[in-house]
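Numbering (this note's numbering), first residue to last: 3 to 517.
Derived from the structure by calculation, the hints contain no laboratory data.
The reader is advised that the hints may include incorrect statements.
No more than 27 Å apart at the CA atoms, straight line, and that leaves these computed lysine-lysine pairs for DSSO-like [what the hints assert, rightly or not]:
#1 451 - 438
#2 260 - 418
#3 49 - 105
#4 71 - 47
#5 493 - 438
#6 460 - 486
#7 451 - 431
#8 78 - 391
#9 78 - 43
#10 333 - 437
#11 427 - 452
#12 486 - 474
#13 479 - 438
#14 441 - 431
#15 78 - 47
#16 331 - 391
#17 97 - 437
#18 437 - 452
#19 215 - 418
#20 473 - 493
#21 441 - 71
#22 441 - 64
#23 391 - 335
#24 427 - 437
#25 494 - 473
#26 78 - 97
#27 25 - 4
#28 43 - 71
#29 248 - 215
#30 333 - 71
#31 185 - 134
#32 486 - 451
#33 310 - 427
#34 331 - 71
#35 47 - 4
#36 228 - 197
#37 391 - 438
#38 197 - 220
#39 431 - 391
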Amino acid sequence: MKIAEVSTNPSVDIALDTINIGKQALVFVNTKRSAESTAEKISMKLKTDNLELKELSETILKALSSPTKQCRRLSKCVSKGVAFHHAGLAYSQRKIIEDNFKKGLIKIISCTPSLAMGVNLPAFRAIMRDLKRYGGRWGMQWIPVLEYHQMVGRAGRPDFNDDYGEAICIASSESEKTEVLEKYLRGEPEDVYSKLAVEPVLRSNILGLISTKFARSKKELLDFFKETLYGYQYGDFTEIEIIITKILGDLDEWGFIKTDKDDFVSADEIGEINLRSTPLGDRVSQLYLDPYTANFIITSLRRALQKKTTEFSYLQMVSNTLELRPLFKVKMKEIEFVEAVLNDNAFNLIVLEPSVYDHEYDDFLNSIKTAIIFEDWMDENNEEYLLEKYDVTPGLFGMKLNLADWILYSTEELAKMLNFNEILKDISKTRFRLKKGIKEELIPLVRLKKIGRVRARKLFRNGVKDIGDVKKVDITKLTQLLGKALAYDLKKQIGEEIKEVPNGRRKGQLGLGKF
DNA sequence: GGACGGTGAAACTTCAGGTTGCCTC
DNA sequence: GAAGTTTCACCGTCC
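Please work from the sequences and hints to get the whole structure.
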C-alpha cells in the first residue's frame with residue numbers, strides 16, 4: 003500500500019490518508035507533548051468549515067471558567083476534526099472528544115496510552131508511532147507486548163461496517179522493523195502478575211482481613227494467601243511468611259492490630275497467635291488507607307500538636323504520602339524558588355526533612371512544589387495560572403486535588419479517633435478551602451448551594467460577604483450579579499421567600515443547550 | 001546606526017497512566 | 001534516546 007507523502011512525518015501522512023478514504027484513526031505516541039504537537043501538525047494540513055466542528059471547538063474552549071493555552075490548542079485542532087487526548091485534559095474535554103469520535107465527527111485522535119487503557123474507542127486504523135517509552139534510569143524501553151495488544155485491539159469497527167481494521171507500526175529503520183516484528187508480531191505477551199504483590203496493597207489487605215475477622219491468626223492469613231494468584235506466583239511460602247510476619251510486626255507497632263504475643267507462646271504455637279484489629283485499625287481499613295500512610299499521618303499529626311502549624315503544613319504532609327505519587331516534579335528552573343519556599347516554611351513543617359544527599363530529597367522537594375500548587379489553588383488562582391506557572395495541566399491537577407481531598411478527609415477522621423481536638427479545626431478548614439479553591443473569607447458564601455469559587459468571589463467583591471449580607475441585599479442587585487433564577491434560589495436557600503415577578507422564564511423551560 | 005523580525009542551528013530540558021472514601025444537588 | 005522547546009547568532013529590512 004502506498005500513502006501520499008504530504009509531510010516529512012509518516013504518522014501525519016497516514017492520518018491524512020485515513021481521512022481521505024473517509025475513515026478514522028488513532029495515533030499512539032509516547033508523550034503528552036507529542037500527542038499535542040502531532041494533532042496540531044495533522045490539523046494544520048486540513049481545511050474544513052464544518053459548522054458542527056466549529057460549535058464543538060467552542061464548547062471545548064469554554065470547558066473551564068477561563069481557557070488555558072491547552073484548551074485553545076485543543077479547540078483549534080478540533081475545529082479541523084482532529085484532537086489530542088491525554089491525562090492532562092480536563093475530564094469534560096476528554097469526554098467530549100471520546101463521544102464525538104464515536105459519533106464520527108472527530109476523525110483523528112492523537113493520544114498517549116490513556117486511550118488504550120481506559121475507554122474503548124475503536125477506529126479503522128491504529129497508528130503506533132512510538133513503541134518505545136522513556137523509562138527513567140533505564141532510558142528508552144520497549145513498551146510491554148500487552149500494551150501493544152491493547153493498542154492494536156482498537157483497530158477495526160465492526161459496528162461501522164468495517165470488516166477489518168489496520169494496525170500500523172512505524173519503524174525508523176530496517177533494523178527496528180525487524181525488532182518490532184520479532185517482539186510484537188511474533189512475540190509472546192508477558193505473564194500477568196498479581197497486584198497483591200505490591201507491598202502497600204498487601205499491607206492494606208492484611209489489615210482488612212484481620213479487621214473483618216476473616217483471618218484471626220497468622221495461619222489463617224497464610225492459608226488465605228496460598229489460595230490467591232499471589233500465593234500461586236510466589237510459590238515459596240516461607241518467603242511469603244517472612245513478608246507477612248514483617249507486615250504484622252509493623253501493624254502491631256503502629257497500633258492497628260493487637261497480637262497475643264504478650265502472653266507466653268512457644269515457637270511452635272506462633273502460627274496460632276490470635277490477631278485482633280484495634281478500633282483505630284478498623285477505621286484505617288474502612289478508609290482504604292495504606293496502613294503505612296495512616297501511620298505517617300498519625301506521626302505527623304503528633305508533631306502538629308507540638309508546634310505552630312499553617313495550612314501549608316498539612317498540604318505538604320498530604321503531598322508527601324505515597325497515594326499522591328507521582329508528584330508534580332520540580333523543574334530545573336524552579337529549584338531555587340521551591341527551595342526558598344521550603345526555607346520560609348521549614349519551621350512549620352510536620353514532616354521530617356531528609357538530608358539533601360538523601361535519595362528521597364528529590365521527592366521531598368516535589369512534595370513542597372505540590373503543596374505550593376495546592377496553596378495557589380486555595381488562593382483562588384485558576385487552571386490557566388497553574389498551567390502557565392508550573393506546567394500543571396487541568397486534568398492531572400484535578401486528579402491530585404481529588405486524592406488530596408480524600409487524604410485530608412482520612413486525616414480528619416484519624417484526628418477524631420485520636421482526640422486531637424486542637425488541630426481538628428485546622429484540618430477541616432484546609433480540606434474545605436482546598437476542595438473549593440477559595441480563600442478563607444469566602445467560606446460562608448460557598449456553603450450555599452450552586453455557589454462555587456467564581457460566583458462567591460463575585461458576590462464578595464460587590465459587598466455581599468456572608469449569609470447576613472445575602473439576606474440584606476436587594477433582589478435586583480442580586481439578580482444583576484447572578485442572574486434571576488439563581489438570585490431567587492439564593493434568597494430561598496436562606497429562608498426568604500420572594501414572589502417571582504411574572505415575565506420571567508416559565509417553569510420547565512430550558513435554555514438552548516450547546517449541542 | 002539601531003530597532004526589529006525572521007531563520008536555522010545548537011543547546012537544553014523533559015519524558016504514560018489511575019482504583020480506593022463520602023456526600024449532595 | 002528522541003522530540004519538542006528555548007536560546008542565540010546571524011542576516012536582511014525598514015525607519
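Notebook entry, point to check: Which earlier hints turn out false for this structure, listed by number in ascending order?
Noted result: No hint contradicted; all consistent.
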